[in-house]
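Given the structure of chain W, go ahead and fit chain U onto it with the hints provided.
Top to bottom, those sequences are chains W and U. The numbering of the first sequence is my numbering, which starts it at 1 and goes up by one. The numbering of the second sequence is my numbering, which starts it at 1 and goes up by one.
Hint data in this document are derived by calculation from the structure and do not stem from the laboratory. Each hint should be verified, as a subset may be incorrect.
[Claimed, not checked] List of simulated lysine-lysine pairs, DSBU-like, C-alpha gap at most 30 Å: (1) W:Lys112 <-> U:Lys53; (2) W:Lys52 <-> U:Lys41; (3) U:Lys18 <-> U:Lys41; (4) U:Lys40 <-> W:Lys108; (5) W:Lys105 <-> U:Lys38; (6) W:Lys68 <-> W:Lys108; (7) U:Lys40 <-> W:Lys77; (8) U:Lys41 <-> W:Lys112; (9) W:Lys77 <-> U:Lys41; (10) W:Lys112 <-> W:Lys77; (11) W:Lys68 <-> U:Lys41; (12) U:Lys19 <-> W:Lys77; (13) U:Lys38 <-> W:Lys108; (14) W:Lys108 <-> U:Lys22; (15) U:Lys40 <-> W:Lys60; (16) U:Lys9 <-> W:Lys105; (17) W:Lys108 <-> W:Lys60; (18) W:Lys105 <-> U:Lys40; (19) W:Lys56 <-> U:Lys40; (20) W:Lys108 <-> U:Lys36; (21) U:Lys41 <-> W:Lys105; (22) U:Lys40 <-> W:Lys112; (23) U:Lys36 <-> U:Lys53; (24) U:Lys41 <-> U:Lys19; (25) U:Lys22 <-> U:Lys36; (26) W:Lys56 <-> W:Lys68; (27) W:Lys60 <-> U:Lys9; (28) U:Lys41 <-> W:Lys56; (29) U:Lys36 <-> U:Lys18; (30) U:Lys36 <-> W:Lys105; (31) W:Lys77 <-> W:Lys52; (32) U:Lys53 <-> W:Lys108; (33) U:Lys38 <-> U:Lys18; (34) W:Lys60 <-> U:Lys36; (35) W:Lys68 <-> W:Lys112; (36) U:Lys22 <-> W:Lys105; (37) U:Lys19 <-> U:Lys40; (38) W:Lys108 <-> U:Lys18; (39) U:Lys53 <-> W:Lys60; (40) U:Lys41 <-> W:Lys60.
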Amino acid sequence: GDSVTQMEGPVTLSEEAFLTINCTYTATGYPSLFWYVQYPGEGLQLLLKATKADDKGSNKGFEATYRKETTSFHLEKGSVQVSDSAVYFCAPHYGGSQGNLIFGKGTKLSVKP
Amino acid sequence: DTEVTQTPKHLVMGMTNKKSLKCEQHMGHRAMYWYKQKAKKPPELMFVYSYEKLSINESVPSRFSPECPNSSLLNLHLHALQPEDSALYLCASSPLETGELFFGEGSRLTVL
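If we strip away everything but chain W, and leave its shape as in the complex, we get:
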């Protein structure tokens, strides 16, 4: 079945470091791709999305590009802040049924001052 593989955490970085969190998905169909973020004690929020190949989603300094050839949607940020500490979930949506949003296992990011 459809699946997503996400970089295992936790990831610990110093403030202003460069961040990459890897995500790959199965190539069944043509999914839309999402990154969700969960700050401590909160629900999930949509961080960014991309709906077709070569689209770049961006928000709050984070970026991810829909790479069809490598079935990847890696999350990047050039300079992380302490306030970016959270759990990040990669999630492809395979369309059709509302249940076809598949969450990755999540990557916990801790940013130290």
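Chain U alone, transformed into the frame defined by chain W:
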């Protein structure tokens, strides 16, 4: 208004209690969801309502009973729960047929 509001934020109940979780959204979304999230895990889909009709039930035990009274409200009725049901219960809504979900902050449930 882009909020999904969940009440209560915290709930402690015994195994013989009956309680309900409530969720409300006013974004005009026609799909609403219940997810269960255990610590350090991704959310697990429990139920999906589309146009106020139950469209997906992910083999959830009958001690969880969802209800969608109207397009803005979603309830989850709880009865005879087990300690392993302790978790964060997240409500979400979305436009139909997209993966763009709007989540509430969750109801943290503890079953004693």
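Verification of the supplied hints:
1. W:Lys112 <-> U:Lys53: Between Lys112 of chain W and Lys53 of chain U the Cα gap is close to 46 Å, so the pair fails against 30 Å, i.e. violated.
2. W:Lys52 <-> U:Lys41: holds, 28 Å
3. U:Lys18 <-> U:Lys41: holds, 26 Å
4. U:Lys40 <-> W:Lys108: holds, 9 Å
5. W:Lys105 <-> U:Lys38: The hint holds at about 12 Å.
6. W:Lys68 <-> W:Lys108: Cα-Cα ~26 Å, so holds.
7. U:Lys40 <-> W:Lys77: holds, 23 Å
8. U:Lys41 <-> W:Lys112: At roughly 23 Å apart (the allowed maximum being 30 Å), Lys112 of chain W and Lys41 of chain U satisfy the hint.
9. W:Lys77 <-> U:Lys41: OK: Lys77 of chain W and Lys41 of chain U at ~23 Å, within 30 Å.
10. W:Lys112 <-> W:Lys77: Satisfied, since the Cα-Cα distance of roughly 15 Å is no more than 30 Å.
11. W:Lys68 <-> U:Lys41: holds, 27 Å
12. U:Lys19 <-> W:Lys77: Not OK: Lys19 of chain U and Lys77 of chain W at ~43 Å, beyond 30 Å, violated.
13. U:Lys38 <-> W:Lys108: holds, 15 Å
14. W:Lys108 <-> U:Lys22: holds, 29 Å
15. U:Lys40 <-> W:Lys60: holds, 24 Å
16. U:Lys9 <-> W:Lys105: At roughly 24 Å apart (the allowed maximum being 30 Å), Lys105 of chain W and Lys9 of chain U satisfy the hint.
17. W:Lys108 <-> W:Lys60: holds, 18 Å
18. W:Lys105 <-> U:Lys40: holds, 8 Å
19. W:Lys56 <-> U:Lys40: Holds, because 28 Å separates the two Cα atoms, which is no more than 30 Å.
20. W:Lys108 <-> U:Lys36: Given pair Lys108 of chain W, Lys36 of chain U holds - Cα atoms ~19 Å apart, limit 30 Å.
21. U:Lys41 <-> W:Lys105: Roughly 6 Å separates the two Cα atoms, so the pair holds.
22. U:Lys40 <-> W:Lys112: Given that 30 Å is the threshold and the Cα spacing comes to 20 Å, the pair holds.
23. U:Lys36 <-> U:Lys53: Between Lys36 of chain U and Lys53 of chain U the Cα gap is close to 20 Å, so the pair holds against 30 Å.
24. U:Lys41 <-> U:Lys19: holds, 25 Å
25. U:Lys22 <-> U:Lys36: holds, 14 Å
26. W:Lys56 <-> W:Lys68: holds, 12 Å
27. W:Lys60 <-> U:Lys9: Given pair Lys60 of chain W, Lys9 of chain U holds - Cα atoms ~27 Å apart, limit 30 Å.
28. U:Lys41 <-> W:Lys56: Holds - the C-alpha atoms of Lys56 of chain W and Lys41 of chain U are around 27 Å apart, at most 30 Å.
29. U:Lys36 <-> U:Lys18: holds, 18 Å
30. U:Lys36 <-> W:Lys105: holds, 14 Å
31. W:Lys77 <-> W:Lys52: Satisfied, since the Cα-Cα distance of roughly 21 Å is no more than 30 Å.
32. U:Lys53 <-> W:Lys108: Violated - the C-alpha atoms of Lys108 of chain W and Lys53 of chain U are around 35 Å apart, more than 30 Å.
33. U:Lys38 <-> U:Lys18: holds, 21 Å
34. W:Lys60 <-> U:Lys36: Status holds; Cα separation ~27 Å.
35. W:Lys68 <-> W:Lys112: violated, 34 Å
36. U:Lys22 <-> W:Lys105: Between Lys22 of chain U and Lys105 of chain W the Cα gap is close to 27 Å, so the pair holds against 30 Å.
37. U:Lys19 <-> U:Lys40: holds, 25 Å
38. W:Lys108 <-> U:Lys18: Answer violated: Lys108 of chain W to Lys18 of chain U is near 35 Å, above 30 Å.
39. U:Lys53 <-> W:Lys60: Outside the cut-off at roughly 36 Å; violated.
40. U:Lys41 <-> W:Lys60: holds, 24 Å
Checked against the numbered hints given earlier, this structure breaks hints 1, 12, 32, 35, 38 and 39; the rest are met.
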